[in-house]
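With chain W held as given, fit chain P onto it using these hints.
Residue numbers (the numbering used here), protein chains in the order written: chain W, 36 to 156; chain P, 2 to 163.
No lab work stands behind these hints, which were simulated from the structure alone. These numbers come from a predicted model, not from an experiment. Check each hint, because a few of them may be wrong.
Under the rule of at most 25 Å between Cα atoms (straight-line distance), these lysine-lysine pairs were calculated in the BS3-like manner [what the hints assert, rightly or not]:
id, chain 1, residue 1, chain 2, residue 2
1, W, Lys-64, P, Lys-137
2, W, Lys-73, P, Lys-80
3, P, Lys-137, P, Lys-67
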Amino acid sequence: MSSAYSITRSVNVPRAVYLDFPLGHTAGKPGDKALQRKVMIDTLSALDTIQVPGTIRSLPYRWAATEDWKDQVMRPNSEKTEHADARVERTTDPQYHLEDDVRAAELNLARNGCADCIWPE
Amino acid sequence: MHNEPVDYIQRTLEQYANLGYPPYQWVNNPGDPPFVPLGKALQDARVGLVASGGIYRHGQVAFHFKDDCSFRLIPTTVKLSELRVTHFAYDLTAARVDPNVVFPLETLRDMAQLSRIGELGPHAYTFMGGIYSSRKVKEILAPAIADRLVKDGVDVVILVPV
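Bound conformation, chain W alone:
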């Protein structure tokens, strides 16, 4: 599944479906179970039917009535670049979603080293 056509083309995966949505919505829109199911059914169908290695099948769903959202994506000096800006501070401190995740992870680490967290070498 992909929402970044050029990257998927460059990586050259065996087979893919392409959904022309903003990044962060590779499998559909939030709360739209019907659309999420359609996207997945098309994805599974692609597994069954794509015969040519490297095929990227475009899905027919549109993000919005217009394509204006594309103008702002990663454009320098636009207000919406904060998430894509390479200047985001990088540290090796875990970045928790919710505050109470921190305590739960600490307990888990103390109990069994977080057995389902894998740091491969």
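Okay, now just chain P, sitting in the frame of chain W:
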């Protein structure tokens, strides 16, 4: 060009140039990719799920933002309310409301329920993309996840990047 896909490689090039950085070296694999036809009906297949959107489970250590090559095992029976999302490179708003947009676990459970697939593997595997070293991904992270998937006995894997 509105009906064309957003060209993220080109826009990253522009953004890096704008910031005075050297161009990012995107992975480029020429030639035909490896291709194995699905050897059985989807209705009989065990399906794996791998996602790079920074999903973890409450109780697990979250990902960090500096070339984190770790991954998490998430039981495919997990409650959605236990899922968390962290990432520096995309807008998390939708994923935090409904993780299925980057981690279609419930959608795949529905597919099993509807007999469109046989079953899910025991675990989904998640990591946080935006790892600058593609070498580390290729040599360390991807093989480690692939080993797990083979042990899980999955027939096919759905990959969900962001």
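Given the hinted pair W:Lys-73 and P:Lys-80, is their Cα-Cα distance within 25 Å? holds, 22 Å
Exercise for review: Below or equal to 25 Å on CA atoms is what counts here, so check W:Lys-64 against P:Lys-137.
Suggested key: Distance of about 31 Å is beyond 25 Å: violated.
**Item:** Proposed proximity, P:Lys-67 with P:Lys-137 (alpha carbon, max 25 Å)
**Value:** holds, 12 Å
Hint 1 alone, counting from the list given before, is not met by this structure.
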